[in-house]
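Trainee: So the chains spell out like this:
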Amino acid sequence: MIEWATIITLMLLTLALALTVVRLILGPSLADRVVALELISLIAVSFIITYAIQVGRAPFMDVALVLALTGFMATVGFARFLERGGHTDE
Amino acid sequence: MKMFIWNILLALVWAMLTGSFTAGSLVAGFIFGYLVLAFVARLSDQTTSYSRKIPEVIGFTFFYIWELIQSNLRVAYEVLTPSHHMKPGVIGLPLDATTDAQITMLANLITMTPGTLSLDVSNDRRMLFIHAMYIEDENALHAELKELERRVISLLS
Amino acid sequence: MTAMGSLILRTATRLLLPLLLLFSLFVLLRGHDEPGGGFIAGLVGATGFALYLFAFDAERTRSLMGVDPRLLLGLGLFAATVSGLPGTLLGHAFYTSLWWTPTLPLLGEVKLSTPLLFDIGVYLVVLGSVMTIVLALAGAEEKAEETTWNR
Amino acid sequence: MSLEVALPIIIPFLAGSLSLVFYRAPLVQRWLGVAGTGALLLASIVLLYRTYTDPDQVLSIAMGGWPAPYGIVLVSDLLGAIMTVLAGIMGFATAVYSLPTISRDHEAFGYYPLMHLLLAGVCGAFLTGDVFNLYVWVEVLLVASFALLILGGERAQMEGAIKYVALNLLSSILLLVAVGLTYGMTGTLNMADLVGRFAAMENQGLVTVVAMLFMVSFGIKAAAFPLFFWLPAAYHTPPVAVSALFAGLLTKVGVYALFRFFSLLFTQDVGYTHEILLWGAGFTMITGVLGAAAQYEFRRILSFHIVSQIGYMIMGLALFSPLALVGGVFYIMHHIIVKANLFLVSGVVYFLRGSYELKHIGGLWRTHPWLGLLFLIPALSLAGVPPLSGFFGKYIIIRAGVEQESWGIVAVALVVGLLTLYSMIKIWAEAFWKAQPEEHEERARAFEAAVSGKRLTLMVLPIGALAAITVFIGLGAQPIYELAYAAAEQMRDPQIYVNAVLGDTQ
Amino acid sequence: MNESIAAVILLIGGAFVVIGALGAVRMPDLMLRMHATTKAGILGGGLVAIAGGVFFNESEVMVRALAILAFVVLTGPVAAHMIARAGYFTGAPFWERTLKDDLRSNLDKAGGYLYSAQEQREGKGRPQQQAPRDDGE
Amino acid sequence: MLLAVLSGFILCALAPWLTRSLGDRAGWLLAILPAGLFAYFLGWIPEVIETGAVTLQYPWIPGLDINLSFLVDGLSLLFALLISGIGTFIIIYAGGYLHGDPYLPRFYAIMFAFTAAMLGVVLSDNLLTLFVFWELTSITSYLLIGYHHEDKEARWCALQGLFVTVAGGLALLAGLLMLAVAAGGEYTLSGILASDGLQEYPFYTAMVLAILAGTFTKSAQVPFHFWLPNAMAAPTPVSAFLHSATMVKAGVYLMARLNPALGGTELWFYMLGIFGAVTMFTGSFMALRSTGIKAMLAYSTIMALGTLTMLIGIGTEAAIVAAMAFLLAHALYKAALFMLAGVLDHETGTKDITRMGGLRRAMPITFVTACVAALSLAGLPPLFGFIAKELMFEATLHGGALTTFTTVLALLSAIMIMAVAAIFALRPFIGARTETPKSPHEGPLSMLIGPVVLAALSLVFGVAAFIPEAALLQAAVTAVHGRPVDFHLYLWHGVNVPLLLSAIAIVIGLLAFRFWDAVLAGFRRMPFIDRLGPERGYERLMDGLVWLAEWQTRVLQNGYMSNYIITLVLTTVALTGWTLFVHTGTAIPLGDINVRIYEWFTVGLILAGALFATITGSRLTAVAALGMAGFGVALVFVEFSAPDLGTTQIMVETLTVILLVLVLYRLPAFVNFSSPGTRLRDALIAASFGGLMTLLILVVHDINVAEPISDQLVQWSYPEGHGRNIVNVILVDFRALDTLGEIFVVGLAAIGVYAMIQLRAEDRRQ
Amino acid sequence: MEPVMAVVVGILFAASIYMMLRRSIVKLVIGLILLSNAANLLIFTIGGMVRGLPPLIAEGDKLPAGGWADPLPQALILTAIVISFGVLAFAVVLIHRAYEVVQEDDLNKMRSTDT
Ligand code: NA
Ligand code: NA
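Chains as they are written, first to last, in this note's numbering: chain A, 614 to 703; chain B, 1234 to 1390; chain C, 124 to 274; chain D, 66 to 571; chain E, 432 to 568; chain F, 28 to 793; chain G, 775 to 889.
Hints were generated in silico from the structure; no laboratory data involved. Be aware that one or more of the hints could be misleading.
Below, computed lysine-lysine pairings styled on BS3-like, alpha-carbon distance capped at 30 angstroms [claimed, not checked]:
hint, chain 1, residue 1, chain 2, residue 2
1, G, Lys836, C, Lys234
2, E, Lys531, B, Lys1379
3, B, Lys1379, B, Lys1320
4, F, Lys465, D, Lys491
5, F, Lys465, D, Lys424
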């Protein structure tokens, strides 16, 4: 059961990934892309955990933890950029 | 005293991280927590002033999660149905909350609540601007948010 | 856009920073056995300070850190280099690792070693380097904005 | 287990990190600069002595006690030890020269630590017995050189640095790829181990394929034709002490690596690989020397000449006879000293005249005859005028070419020698013989007045010492020749190296 | 048993993530997209993390899972706030059916100041004094 | 002997100091050294006469067959005596000529180095030592010729001399090395002279041509003669020394020296015979055209050098005897004449002979000495020059295939030189007094002692020819010819064809002197002669060199980054790709494509990120896309068992994004700089590189490695390394040195960044 | 998997070279970043791609259970990642400063040191 669940979830997550990449590419504003990027990192967190379950390796959970941490950082960084009025050139 | 609570908390986090609740790991956690605090607390007053609220914050988390689930179902509906029924807009919410912790918590909760998203706080900290998906009935929304604020203030005062 | 930055971010940062620092120490110390180690830990620590920088400004971040990151950098490099020497005093090759596992009261058995010292050096270097870079950049940016403002 | 093989790396690392710790105390940094490089020089001399007197003439230590081929080994064979001594000499000379020439700004922003760490990277590259570790050292010295290059923040430095950084990064990536492929093919990173594993490979052609990647990568580092562009674009832009250090050491790491790899690892198809090297050598000599002929700026001329001289060294490797290898090694030794010294002299000229532009300066032979002498020694040596060091290097290589009847490359080497003399004489005639042009006289006078006697003395000390070494390598060429000969013998017989590294530790 | 629970939680989490992604594509403007991604993303990610904790059934792993959950829940809204605010200030366009915007009238973009409605009513054209940054000062 | 040769170098270091402390009298004192050397070499004469040749060895660089070995025989001793003897007078003379000159100390230093180098050339037995000294004469003479270096002309002349002689020198080096190879690894002249079979060496022709390129340039043979007259830019003492006994004679010396080994072939005979004769003719012709007092002498030197070369080429016994006699005669009179020219120029202030006249009263000693020396130049009895010239005619008359050619040219030269000698000896002194820039009077003792003694010797040797014959010439001829020759020198040897030719030369030569102004006017109507010379070729060559250099720099070092990168990439692709193609052909192992669906998506994420980053027009979008690709890479690491890598990749990616965002803040938007054609070209180049990497991976992946070293590391990780994360144990223990380097890289980058941002040139300027 | 990754790595290399040829200093740096990613993936691919066998030893064991992915390439890549991070950080700031000084994004206008 869990195997099927992981496989289906991995599929779902990759589908989500694909959709988000579409948004990242479409934009139109940088903020939209940042939203997409943050979601991608969240999807990646889920993905890694699901994968950890699939292969039965708990240490991968640590990777997910770090990723959750840094995805946030990238977003904040971008936001700061936007706030400080950098060129958005869109 | 507040520092001490913080320190205990950090020790607990440490123990959780290492996954062993032995005396040794708690002591180690306490030491490391102390080091971190001693370091961070050199900008002391800010850290300690709200630190005692932390247990309440954690307690509140469950409420938070519930809100989260609710809001998700609402959004899911909106996303999955083929046409959009939204009536979005930005509204300003006058604040009774005064401390940073209260305002922040409120803002985050509002973001989690169905169909609302905190945008920013005015510079004088007396108004929170919110993007909402449905503002047909602004008064009802307003009342709902004020109720949330009341709960937050009572938790964090 | 408002000159003050985000109150919400600032508040959240005060909560997150100690956690991140603690987490970075954690990642550092158990890296020899599980994923982690000085490099990742250093980056996590730097991330914490960078978050503080984003929420506040370079000046305050610098005073929060207390030491010039360049000093951390130097100390880290020194520690990492020196960690190779104890072995040579015992007649081994450079970087031969030495292990010392004393049992301390309360803490129990503690694994101390030259590789740990090395990893701490790595940690300091990474933390120091990243913060040197980030603070310099942000500081320059802030300075530039000030001049714009004054103009 | 002895420490001496590691000392030339540890000393600059310690000195560098301590200088960083004392980032607020320029005086400490200055002292550490001289003391650290002095210690490095001593350590390297000891290392060379111990290596030379060792029964195998190869010292090898396994880092961390993890035996070869599993851990990283540091190996000092004669080639490596010689290169290390040269790095020590250069480091010490530059450190002394830096005292009067490096501005307080540069000191405050890490000049001395950067210099130490550059030396550490260079020595590491010379001493490591591990291909990936080599990549790491190359990166260390590269990044140190990046930082040294931009000290000052002038426009020219930025522009030069962009090219320098981008092209060198490309080279590093090629090196990394080549190392990765090597591991994928053989499952080892240890050079000595690689000798046997390469030989045992079924598809020898693939070894040659990887050899090509290494060749291109090191070719870029060595600034060989047609991969040299980054060098003339950048070498004339940093403070002159930095230029000198770069000129002496950086490209030599590439040359050293070519020597190491194409004598130890890639000798399975000499007819193919070394033929390519030979063509590269020829074109390198010609394009470099012609590039210099077109220049009128002191340091640009010197920079292009680095390229051209690299050609001679590679020619020594490419001919691959015992004598040619001797010549290559001899040439490297000579060139490091001489080329760096010329840059140091250019710095003195700058401090006396306020410009590197030959058209703006002159009259030095009238006012500073001793400087003329100090210029002529390295300049004529570079041009291969006997009995200075350069002549013997050139002579050995050309003799090897004649013995192998490789007339084409011999002709190129001779003609390039002539053109080198042409450039050196151009500098001489313009900067020293010609009268100081009147329109730039004011600036020159102001600069000359600003240089105190003490500063000048500190500048001239290392120049004089290097010039003395140049003369010694020339007049006392016999011991140097014997050393180079022994190094070449080792290069001709990889088994000596292999046994010393794998035999001792297994 | 654990495995089955984990499987269910996992699937729900995965579904929420997809919904978030779908929202990111389908919603008509930045703010509305963020309504979708923030909520669905955080919940989905959190659920997956819990599934992980449940599946491995070790306190150590569970703590990791909770840590991920806590972190996602703590940072998610803050990040959303940051982007929304930045997006707003840089002029990300609103959906044409947006009804009102209270913020715009309160914003002094050039001065970098956001007034509250009260402040506006009190007729302060400029802030007399910077409000205290936070309760620590 | 070693000390004798090197003493010059030692004194070179002391000379400036001595000069400075002794002032005016320095010349006299310093002359003690060459005088002492002269005496020392005289002392060798008995031994050489007795044993023929003596070799001495001092090891220097035995490993490279470079030793300070000396060969003392008649030839080298003749040269050594000329060098030291004439050198003595030159040193004294210079003290007077350069009286009060600020550069005099340096002058003496270089002069002694030059003298020593010259002695080294003629005395060396070792081929390479000879070459070392040979090149030293080029360099030191460069410094001497460029003595008046603030004058652009002087610098140019000095460079020309240097360039031509060093170019020849390098050819000579190749030639000498070939010679050594041909002689079976024999690096001493004595050894080479004793070995057979040099002429069977397959590259004999190339070898001889290379050596002759060296000697012809040094000895100013046509077409390389042009540098020598220009070398008059040097102060007169230098010219006198260079032209009479040194520098230009080095080439002659070497040809004479190698004659026994290389001579006797047609190549040798025709090369030396023809070039020598043509040089002889050209030199005398140009001498007659000149009005400058030093130019005239310089061209006559070219005549002498051509004569000597021609005689060595003819190579008969008579020719060799003539060559040696001519060598001696020329050295004596030419040194004297040059020094006298210096006296004239020093005292009158002009070098133009047409502006001098009637000086006999003001400068009687100069006048008499000039007459004597010029008679020797002209080859009139009873001077030694006469003997030499008669011998030369004798030799050309038996010149084998070149008899007519050489005899005719020799006669024409003799006529012109007769005229030149007359002009030199008479024109400044007789006739009416003309105005000169300085009012002339007799030169000082230091400047006259040399010419007087040397002119006197010309006379003495002419009258008593047995003295030089017995003392030196016998031995020298033996050395050059390779075996003893029986000959005797007489002033009067009866009426014969040579005497007849001399008579013709004297008569026509005097006529030419009588009508010199008309002759000059005639030459002036032929200005094209000036443009014909090989000097134009030299100038073209130098201009061409600069043009080529600039062109190459424009093409290669053009400053366009994309060109550099393209070159690097294409070089990589060409070398590696070609090698790959040669060794593996087109068979590419594909292996097993076993990919799970979600892995396809991960891969898709990377590709979408990378490609989007390349095509997007917004730099921040590019950064976001890059971040996406980075996450994809991290996922690959996670999917394939590398948690540490995944974590690190994510952290680094995030930091990179943050950094880019911080930095891109003020950077401009992307602008598309390139045309579609350029983009297509770049895409193709990029694709070739990418394709190469793909192929490399496929080919290498196909190899199965038996025992990677990592197996052992895994085994050791826990028991020996005390760690359960093997990657970390590798990082901090097995390969700690890598990690050490790695953190130094990070630290260095941080220092660099800090300096870049904080240390702003703009700020400092303000 | 490896053949697919080989193609991916090839495309990454191509994309990076293409970016480096674009004359814009910003694109140059993006190209450099892609380049180091490509190189790391290349080593990873050559090292052999194994699913689900991280080189970690469980507590109580002496070897990773069930086999392991080669840890050495991983360690090498880790080092390489960190090194390229340092270098790229430098490069990023360099273009920033170069732009400030030169006020040009066009590499073709940065030729003063060559010509
Ligand atoms: Na690790
Ligand atoms: Na490593």
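Trainee: Does each hint hold? Answer for all of them.
Mentor: Now the hints, each set against the structure:
1. G:Lys836 x C:Lys234: holds (18 angstroms)
2. E:Lys531 x B:Lys1379: holds (20 angstroms)
3. B:Lys1379 x B:Lys1320: Distance of about 21 angstroms is within 30 angstroms: holds.
4. F:Lys465 x D:Lys491: Distance of about 36 angstroms is beyond 30 angstroms: violated.
5. F:Lys465 x D:Lys424: Measuring from Cα to Cα gives roughly 36 angstroms; hence the hint is violated.
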